[in-house]
Amino acid sequence: MADALTEKGSARSWRAPRLTLRQREAIEAWLFVSPTVAGFLLFFLGPLAAVVYFSLTEWNLLTQQATFVGVKNYVDALSHNPDFWHVLRNSFVFAMGLVPLNMALALSLALALSRPFRGVIFFRTVFFAPVVTSAVAWAIVWRFLLQGEGGAVNQMLALVGIDGPNWLREPDWAMVAVIVTRVIKMVGLNMILYIAALQAIPRDYEAAARLEGASNWQIFRMVIWPLLAPTTLVIFVITMIGSFKVFDHIYLMTGGGPENGTLVLAFYIYEQGFKFFNVGYASALAMIMFVIVLVLTVVQMTLRRRDMQ
Amino acid sequence: MKHRMRTLTASTVLALGLVSGQALAEELRFTVWTGSEAHLKMLNEIAESFKATHPDVTVRFETIPAADYTQKLTFQLAGGNPPDLGWMMEDAAPTFAAAGVLMDLGSTLRSAEGYDFADYSEPALGLWVDGEAVYGVPFSTSPFMIYFNKTLFDEAGLEDPLQLAAAGKWNMDTFQDVAKTIKEKTGKWGFEFKDGQGYDSRIMHALMPPIRAYGGDVWANGECGFDKPEAIAAVQQLHDMVFKDKSIVPPGEQGDYFSGSSAMTINQISRASKMPEAGFDWGIAPLPSGPAGESPVIGQAAIVVFERGVQKELAAEFVAHMTNKENVAKMAQFFPPARKSVLDSEAFTSANSLIPAEQMAYVSDAIAKGKVLPSHEKSPQILAAMAPKVDALWKADANVEQALADVCAAIEPLL
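Chains as they are written, first to last, in the UniProt record's numbering: chain Y, 1 to 309; chain X, 1 to 415.
Each statement offered as a hint is correct.
Below are the EDC-like pairs computed for lysine to aspartate or glutamate, each with C-alpha atoms no more than 20 Å apart in a straight line: (1) 246(X) / 170(Y); (2) 185(X) / 240(X); (3) 389(X) / 259(Y); (4) 395(X) / 149(Y).
Here chain X is said to cover these stretches of chain Y; the calculated rule only asks that three of the stretch's residues, wherever they fall, bring their Cβ under 8 Å from a Cβ of chain X: (5) 56-64; (6) 164-170; (7) 257-266; (8) 270-284.
No lab work stands behind these hints, which were simulated from the structure alone.
Glycine included, each C-beta is placed from N, C-alpha and C at the ideal position.
Given only the sequences and the hints, what does the whole structure look like? Please build it.
Written out as structure tokens, the structure is:
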């Protein structure tokens, strides 16, 4: 037996260098994660590092001439460009309007549609369908519905005696219009996340609370809402990031107008980079947007963690 | 063994032949913004005829939608994958020429056999020539014309713009009158700006024609013209038509001419291809004249070769072929030419099967008398700076003079 083991051992050492189990596992683990790591380095970290470098240059996309200018682009954006602050304000207004509205609506829909009843699948599909609808088709239809006098929305408002505004041609109303149409388009995604979270809450908790005499509101406030906290955090973060990154919706609905009333940061970055060819300046703006979103996310996560403690 | 050797030798010779054949065959990549089958068929025929002198050269036309054309072209150039040659719109020309990405075609064109560069109308070349250097050859010098819905004019009991033009009565006042009458009598809009985009992406196409008819300009020699009395009077008239007469499709509304919702619009003759499916009688007429007389406005596009292309000399030879007299005459059915010999020929006025010769004569006349849309090295920045100020103009209670002064204040630093 001992001879057999020795023989087996020598055969192994002939095939491969002697490695400990831990080393072998480490190599295997690296091999398993290497495609993802390569992708991360190549398609995320690489471009991110490139954007940081571009933001320190004055680079004209068309002439392909780049000059290293240090932090000039950041200084220009933050202290010499009044447009930047206007655009930043618009981005915050958009996010502050969209995030609460989206989350409140998503939670309400999820509470209504999380329990099985006749037709529940139909309603879930109806509210989720806009998420998978083409953004272009969505924008064209809404532009048509939101016309000044001839639009269906204003004609319906006229039926109840309301003289609707020219939605997409008045700066404040245009912002309201892009927020609401964006919420209707994307709310289905958050609704599904909330439904999944609600269905994961054991029914016993609710039954126990009810036995204790809790009302529906108390059950929601004291049992369901705290248990939804991790999902709420995820939804908040992805919705907020999405709202700062919004581009296609603005491009298609208003083009940043009227009077720059819906000109948000992502669209402004696109204009600077791809219409005016100032890639360096656009990259600096992109880095500023990255930092804003990062800070907001960290703050939210910290507050939530303290809440949970 | 001998047999095997023979087979090997034959295979090697064949393989070498294929490789050398491949090396000789060359392909030029040509970006365009048309997706029209008729246009592409014509372009491919021209490419095919190039084989008479360059049998191994093929040309691949690549369509990029007009709305994204300049941006996508820029990405290709910046990404190190430039097309060999392409179409270019007038508003992009100064920016691209100043960036040094366009090849000087002057020597190739002047030395091409039978080309006759002097046949090109000098004003039409203005945007593309700098001294002896030629950065593009205009293939379309297309004036903006009034398209009218004859059926709606008849319904309203009005003389149509063509009849008014023939009688010498087609001016900005009659334009306003007929638009108002159409609205009152038919309920349809009197006029729609180009493609319904006069308040956003086609600001220039909306404002330029009346301003020039009044004798003004949007800018010239580094000076803004929007706040001059001529421009104010012209824009005030448009403003009145939108908000007082309610005869022009207002901002935020849709009133598509091509589906019969508006009685008039402004466009180029290439849009005539949309008319057979419109379902109403129609015609084209010149732009209404103003206090400054007739002042046609021209939109232009040219063929350019990219300096960073690897086959730029060959591409330049193809430009010389594509814009010779014969091929320009062929293209004239869709794109009004800048070659005087073709423009003056009967072949041009009868080239478009959809537009009668007497209406095409107005097109020729407009090309001869017209001025190209304004352009500038900083066109994208100027348009972006203008846009919010022009938005403020298009409100019922706007003070036109103040709004136009604000436009000037916004764009002057860029001029």
